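Trainee: Residues per chain are reported as follows:
There are 2 protein chains.
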Amino acid sequence: MPVQRFKLEYGKKFRLASIDPNETGSEHDREEVEAELKSLKEQLEALQNKLYAGKKQSVLFVIQGMDCSGKDGLVKHALGGLHPQGFKVNSFRAPTEEESAHDFLWRAHQIAPAKGMIGAFIRSYYEDVLITRVHNWISGEEVKSRFKHINRFEKLLESGGVKIVKIFLHISKDFQMARLRNRLTDPTKHWKFDKNDLVERESWAEYEEAYEAVFKHCSSESAPWYIVPANHRWYRDWAVLQIAVEALESMNLAFPESDPELDLILEKLQE
Amino acid sequence: MPVQRFKLEYGKKFRLASIDPNETGSEHDREEVEAELKSLKEQLEALQNKLYAGKKQSVLFVIQGMDCSGKDGLVKHALGGLHPQGFKVNSFRAPTEEESAHDFLWRAHQIAPAKGMIGAFIRSYYEDVLITRVHNWISGEEVKSRFKHINRFEKLLESGGVKIVKIFLHISKDFQMARLRNRLTDPTKHWKFDKNDLVERESWAEYEEAYEAVFKHCSSESAPWYIVPANHRWYRDWAVLQIAVEALESMNLAFPESDPELDLILEKLQE
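Chains as they are written, first to last, in UniProt numbering: chain C, 1 to 271; chain G, 1 to 271.
Source of the hints: derived by calculation from the structure; they are not laboratory data. Since the model is a prediction, treat every value here as computed from it, not as a measurement. It cannot be assumed that every hint is accurate.
Treat identical chains as interchangeable: a pair holds within one or across any two.
Taking lysine-lysine and the DSS-like style, the derived pairs with C-alpha atoms no more than 25 Å apart in a straight line are [unchecked claim]: (1) LYS13 / LYS216; (2) LYS50 / LYS195; (3) LYS189 / LYS268; (4) LYS163 / LYS192; (5) LYS216 / LYS12; (6) LYS195 / LYS55; (7) LYS38 / LYS189; (8) LYS56 / LYS189; (9) LYS76 / LYS163; (10) LYS192 / LYS115; (11) LYS192 / LYS56; (12) LYS192 / LYS55; (13) LYS115 / LYS76; (14) LYS195 / LYS268; (15) LYS13 / LYS155.
Using the sequences and the accompanying hints, generate a full structural model.
Mentor: What follows is the structure in structure tokens.
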């Protein structure tokens with residue numbers, strides 16, 4: 001199973017440094033992988049069709065990663081083939097005043113994918129144990145408490161038929177700098193540049209630690225984290241499509257049973 | 001301008017019967033049109049990128065048509081290349097209890113596209129002057145009153161920077177029957193079959209009249225209706241892509257002005 005290599009083993013100690021962000025797998029070259037992308041996308045679209053038709057389960061992709069790790073691009077290039085009617089993307093930014101007036105999972109709950117739907121969170125409720133932790137906006141006690149709330153929240157979503165697929169796009173610090181420079185030199189990308197990314201970059205090591213804590217405390221058999229080497233876009237897209245296809249395949253999706261009356265209706269129409 | 005032919009002339013009397021749903025244009029054959037689709041999609045995606053970057057305006061596609069006219073398919077095949085992060089699709093079904101407890105535009109207003117976004121309504125608030133009218137759920141007086149509310153509502157959206165593009169997918173009654181049969185014979189499409197479509201079909205002429213009234217009372221220079229012959233999917237997709245590209249081109253979209261500080265930041269990074 002090619003997907004297993006990305007899946008974090010539940011309960012096992014893990015360091016981000018143990019995975020090379022430049023990895024592109026040993027058995028495939030770029031050309032082979034790109035040829036496979038089309039077929040993977042078709043598989044995913046066919047599975048989405050069954051999910052949508054069945055209206056019994058849903059899927060939530062939680063997409064995390066450092067600034068410039070390619071979260072937006074992933075949604076376009078790996079998941080962009082999904083039927084837009086059944087695919088809702090939400091980006092998590094700083095909470096609004098209304099959102100801040102509730103518990104930290106309130107806004108995520110409101111936009112959880114309904115039955116039949118695929119949702120993608122670009123950033124997510126995990127930010128509430130990442131940026132908040134790195135900047136000491138919340139205490140260590142509070143962080144631990146939030147881990148528990150997150151785990152229970154994910155169980156609740158699962159009880160409602162949501163398959164949760166958590167993806168961490170793993171890039172190197174050098175790769176981030178190259179992307180930041182690119183945003184500064186290409187005038188059509190200036191709007192993507194955020195001065196604050198340079199500030200957050202100073203805390204790279206602290207973010208890695210915060211992520212490692214998330215991986216340790218918020219992984220489960222049913223909602224594991226996948227660590228995807230993301231310095232190479234083609235490999236990243238291929239990896240995530242593999243993960244997505246396997247996730248939907250595991251859900252035993254099926255078209256709903258046909259109404260036995262349909263045959264009769266058809267006969268009448270053909271008279 | 002190829003798009004002009006689909007655009008309803010404001011204030012001019014119009015009968016749906018005057019347009020052939022089988023039309024595929026005289027100057028292009030299928031092969032030429034399909035070759036153009038790719039380039040139109042790329043143009044639309046580039047325009048969407050500017051819209052998203054600028055965050056000053058938004059676009060709303062209102063997609064109407066009889067049952068089986070291909071509204072869902074249009075969203076997938078013509079608009080499916082849009083970046084999912086900036087594209088939100090909403091299907092209008094029978095209103096929920098909460099929605100019914102408000103005025104008929106309340107639910108549409110809540111999901112109007114935010115600045116930078118493209119929205120698509122599959123069916124829309126126009127259902128409230130179509131199905132409701134055909135079945136006499138509301139009085140003729142109420143219909144007229146709703147036309148006015150719709151016009152004022154669209155002006156309000158426009159005041160907030162929304163470009164409204166209203167598309168009617170025009171199919172023939174025979175075409176609908178072929179699609180219905182197809183849903184009955186193909187087991188993977190059984191779930192799409194709705195017995196009620198056969199009931200509504202009985203009121204084909206009344207629906208045409210109701211639509212003609214909508215075209216007459218709810219068209220404006222800035223938010224016109226486009227009547228798209230839709231018996232042929234390839235032509236339908238091409239027409240809508242043309243309309244979409246022209247609509248976004250008319251908005252004078254531009255990347256936001258670059259922060260003059262960026263040069264300095266880049267210099268520092270390169271030291």
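Trainee: Now look at each hint and say whether the structure bears it out.
Mentor: Here is how each hint holds up against the structure:
1. Proximity of LYS13 and LYS216 under a CA criterion of 25 Å is satisfied intra-copy only: 7 Å inside one chain copy versus 68 Å between copies.
2. Taking the closest pair of Cα atoms, LYS50 and LYS195 come within 25 Å of each other only across two copies (21 Å); inside a single copy the shortest separation is 43 Å, beyond that limit.
3. Taking identical chains as interchangeable, the C-alpha atoms of LYS189 and LYS268 lie at most 25 Å apart only when they sit on different chains, with a minimum of 19 Å there against 60 Å within one chain.
4. Proximity of LYS163 and LYS192 under a CA criterion of 25 Å is satisfied inter-copy only: 24 Å between copies versus 31 Å inside one chain copy.
5. In this homomeric assembly, LYS216 and LYS12 come within 25 Å of each other (Cα to Cα) only inside a single copy, at 8 Å, whereas the closest approach across copies is 67 Å.
6. In this homomeric assembly, LYS195 and LYS55 come within 25 Å of each other (Cα to Cα) only across copies, at 18 Å, whereas the closest approach inside a single copy is 43 Å.
7. Proximity of LYS38 and LYS189 under a CA criterion of 25 Å is satisfied inter-copy only: 24 Å between copies versus 28 Å inside one chain copy.
8. Proximity of LYS56 to LYS189 under the C-alpha cut-off of 25 Å is restricted to the inter-copy arrangement: shortest distance 17 Å between copies versus 41 Å within a copy.
9. Both within a single protomer and between protomers do LYS76 and LYS163 lie at most 25 Å apart by alpha-carbon distance, with minima of 21 Å and 24 Å respectively.
10. For the homomeric pair LYS192 and LYS115, the shortest alpha-carbon distance between copies (16 Å) is at most 25 Å, but the shortest distance inside one copy (34 Å) is not.
11. Taking CA atoms no more than 25 Å apart as the test, LYS192 paired with LYS56 passes between copies only; the shortest distance there is 15 Å, against 38 Å inside one copy.
12. Taking the shortest Cα distances, LYS192 and LYS55 sit within 25 Å of each other only across copies (12 Å), while inside one copy they are farther apart (37 Å).
13. Proximity of LYS115 to LYS76 under the C-alpha cut-off of 25 Å is found in both arrangements, the shortest distances being 23 Å within a copy and 19 Å between copies.
14. In this assembly of identical chains, LYS195 and LYS268 lie within 25 Å of each other by CA distance solely across copies; the values are 13 Å between and 67 Å within a copy.
15. For a Cα distance limit of 25 Å, the shortest separation of LYS13 from LYS155 inside one copy, 23 Å, qualifies, whereas the shortest one across copies, 58 Å, does not.
Hint compliance for this structure: every hint is met.
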